[in-house]
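Chemist: Listed below, chain by chain, are the residues.
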Amino acid sequence: MNTVSLKCSEIATAIGAELRGDGDAVVTSIASIGTATAGSITFVTGKKFVAALRASAATAVILPDAFSNETSAIRLVMENPYLGYAKLTGLWSAELYGTAVTGVHDLASVASSAALSVGVSVAQHAVVASGARLAENVSVGAGAYIGEGVSIGAGTLIHPNVTILRDCSIGCDSEIHSGAVVGADGFGFAPAPDGWEKIHQLGAVVIGDRVSIGACTTVDRGALEDTVISDGVILDNHIQVAHNVVIGRNTAIAGCTGIAGSTAIGANCRIGGAVSIVGHITICDDVLITANSFVNRSVVQPGSYSSGFPLETSAQWRKNAVRLQRLDEISRQVGKLKS
Amino acid sequence: MNTVSLKCSEIATAIGAELRGDGDAVVTSIASIGTATAGSITFVTGKKFVAALRASAATAVILPDAFSNETSAIRLVMENPYLGYAKLTGLWSAELYGTAVTGVHDLASVASSAALSVGVSVAQHAVVASGARLAENVSVGAGAYIGEGVSIGAGTLIHPNVTILRDCSIGCDSEIHSGAVVGADGFGFAPAPDGWEKIHQLGAVVIGDRVSIGACTTVDRGALEDTVISDGVILDNHIQVAHNVVIGRNTAIAGCTGIAGSTAIGANCRIGGAVSIVGHITICDDVLITANSFVNRSVVQPGSYSSGFPLETSAQWRKNAVRLQRLDEISRQVGKLKS
Amino acid sequence: MNTVSLKCSEIATAIGAELRGDGDAVVTSIASIGTATAGSITFVTGKKFVAALRASAATAVILPDAFSNETSAIRLVMENPYLGYAKLTGLWSAELYGTAVTGVHDLASVASSAALSVGVSVAQHAVVASGARLAENVSVGAGAYIGEGVSIGAGTLIHPNVTILRDCSIGCDSEIHSGAVVGADGFGFAPAPDGWEKIHQLGAVVIGDRVSIGACTTVDRGALEDTVISDGVILDNHIQVAHNVVIGRNTAIAGCTGIAGSTAIGANCRIGGAVSIVGHITICDDVLITANSFVNRSVVQPGSYSSGFPLETSAQWRKNAVRLQRLDEISRQVGKLKS
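Residue numbers (the working numbering), protein chains in the order written: chain A, 1 to 339; chain B, 1 to 339; chain C, 1 to 339.
Keep in mind that the hints were calculated from the coordinates and are not lab data.
If you're wondering where the values come from, they're calculated on a predicted model, not measured in any experiment.
Here a beta-carbon is modelled for each residue, glycine too, at the ideal position from N, C-alpha and C.
For each label pair, taking beta carbons as the anchor points, the in silico distance ranges come out as:
{"#": "1", "chain 1": "A", "residue 1": "A192", "chain 2": "C", "residue 2": "N268", "range": "47 to 57 Å"}
{"#": "2", "chain 1": "C", "residue 1": "V322", "chain 2": "A", "residue 2": "S113", "range": "57 to 67 Å"}
{"#": "3", "chain 1": "B", "residue 1": "D286", "chain 2": "A", "residue 2": "S298", "range": "22 to 32 Å"}
Pairs of lysine-lysine residues, derived as BS3-like cross-links and limited to a Cα-Cα distance of at most 25 Å, are as follows:
{"#": "4", "chain 1": "B", "residue 1": "K338", "chain 2": "A", "residue 2": "K319"}
{"#": "5", "chain 1": "B", "residue 1": "K336", "chain 2": "C", "residue 2": "K336"}
{"#": "6", "chain 1": "A", "residue 1": "K336", "chain 2": "A", "residue 2": "K319"}
{"#": "7", "chain 1": "C", "residue 1": "K319", "chain 2": "B", "residue 2": "K338"}
{"#": "8", "chain 1": "A", "residue 1": "K319", "chain 2": "B", "residue 2": "K319"}
{"#": "9", "chain 1": "B", "residue 1": "K336", "chain 2": "B", "residue 2": "K319"}
{"#": "10", "chain 1": "A", "residue 1": "K336", "chain 2": "C", "residue 2": "K338"}
With the hints as extra help, turn the sequences into a complete structure.
Modeler: Written out as structure tokens, the structure reads:
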């Protein structure tokens, strides 16, 4: 792996911080405040890290003005040091991995009717099918499949072994991680006398700008209309987005969450991991759902929602679980006792 | 994307409906009753849509005889309009996407000992390994892997980036969506003095006719005997079917459900999303399990079953969850109060 | 499929059992005690199978000394017959499938700077990127992607369509099943005024020796430090291991379980299927977590832990679920009645 050396002045400029200290000093690693050593740059986001800040041998620290006097390190002062850290990782990553190779690899398969803009890269064993359009600097990883008529906006990264099926569209500066499948058929079947009759899924998937789709996440195409993932949405791994779901701007969803068909989720929601959300409901904007919840109804008020049986010893759980199955009866007994 | 124009008379014939109105009239889109406009064909399945039917500008409607007088649109009358809609989507899809290209792509890899019937297509970067047999009109998508000795029945579609491992068999007219893995090793290990000893999985997976396997769904091969998915079973995305599971005819399972090893599920069951089903149990025919349930025991009577903690505000949940952990004690207090 | 014929004496030697009976007798199938017939070898692990043992027509049985007199079959006597069975399946599998072909397939893509040791195989449409190192007898399946700088230890099997991203390392004698993704970016984003700012994930994934990773399981790379899977860990399918998780030696985790970021799980734990484990907690060594539990706090004592709402009829569940949402109130009523 390459190594990185960056001057504090370069970093301050790139992340939008005010430099206090020697801008020519060089850092060669990023570390959390607990593990930073000489040569590291670190960051401090709140009061609880001030003791560690005082003790730290880090060369440089991204921090808010309030803690600027708590260290003799080089300071990169900004209101939101966590955002500064995020921007720093982008700078670091670019240094570490260099500029991506562009161009279509000899072992890729690109249809003659596909339209590739400048700076596009298509890696080995990837397929870009007929009528697909890849805008500037789109990168398609090895083994990825880009179906007929798919449109991908500028700067979007498609990682190895991703599958994007026909006629789906993805905006700019988005990222789809390995193993993800966009545009597989929604789970639509009509009961027929002899089993199930498939409802062919005639909609597509429309994904906005600056969207992140995690590894092995699936977003199904719509039945008649499209499944929609709005700008700025971030989806972790192993998420199931069923057909005709709509997810609003900047909503974040953690891993292993499933969203059943035709549910609409608002903007700026934060949904924890392993949440299951039933179909045909609406969740309004600015809703927080904690991990492992079962969303069995619409949510019409912003706020924090939860469900789930907390962990116990198995012995205690067995006792409580038996009672839980009799809870209605117990409750009625309490009612009688009261009266 | 292509466009579709179909005469109402063609549609009526194809879906088995009785035509009432101008059979030469052409429709160019399918829409739900709420969004249909002139040029659309729509469908009405029940009383609650009759008001929308009356107001609709749709050119044609698939509906039961009972509502035939509620509209001036062209009527395609049949007992089960939802089934008619399903058949219509198949017709539409064929018009929209045309006939699939057949033949083995230059960039595919097909073993000389594989047997391919007429009409088979194998796309770029797909592999068909030695001894595999693909019957008439099987389609293998780009990047898919068909292992040694795999057998696939006529008309079955294997989408891009599917993996089917050695000696598994799949029936006719089935469909395996992208990212699915059929025949990976079951999770079998024996405790050994120094860790775990792998139990090599010597069975395979046997999948019937008209089966649908969703994106990123996994069906593991059996330990000694086979894992079995019967005819007509439909599995959504992200489902885990562990080794030696048996699923009966026409059972439908929604996304994110996991079924542990050696469990047998009957025919005509409907299992919701995000259900977890423990191993070594039996679920009889005609069982409905609602979403997010924990199936921790066998089910021996047809009917509807559920479990799961419904959604609350986080504040309320915290209070209730604390009590839940003391439920056995509360219940015993109630018992004492009664006596 | 090939057939297998093995002499009982060969098997006894291979699995470390004491042979009692005709070592030249040949078996041609492995079966469980309930289905074994003449020509089969089977195994008996405990008292509850002794009646079946007495009735069995199996040619040979792996069993403990205690049951050696309960059968006239050829006996392969050892303390841990289940371990013997596991070893037997390995022997059987080697006979059945023969020796793997080695070498780099013409349709593979191996960077000139990759280092491949003797006995390595790379199948069709696989990619081994620059700087990757594959030790002796590593097998890379069709369509698999091995990223830049990845290191894989001797004897490790990478199945078809696996994705291993840059700079990750995997030890010896490990196995990664199809559809798994190792080293995708962890889900790290900082809130920014206009949405989310990606935190580029600069750590990698470090996987030990004798690790098994199931189909469609994802192990994300760390933010600054690495995500770590220790020696002997076995992970089933559809598991999510988020960034900076650490899993201790020989821990076993069943399918569909999700582990959120920075959680540390000890050694020798057994975690059931569909468990959700929140982030930033610690689970000590020797913890058992039953299926479908919600691990919402650290576990600091070895033992068995559970949670989850057991299955009921839907009618009963609806009643109990309503009461559950009022449990705090019910509990307070009981408190008042007591006083």
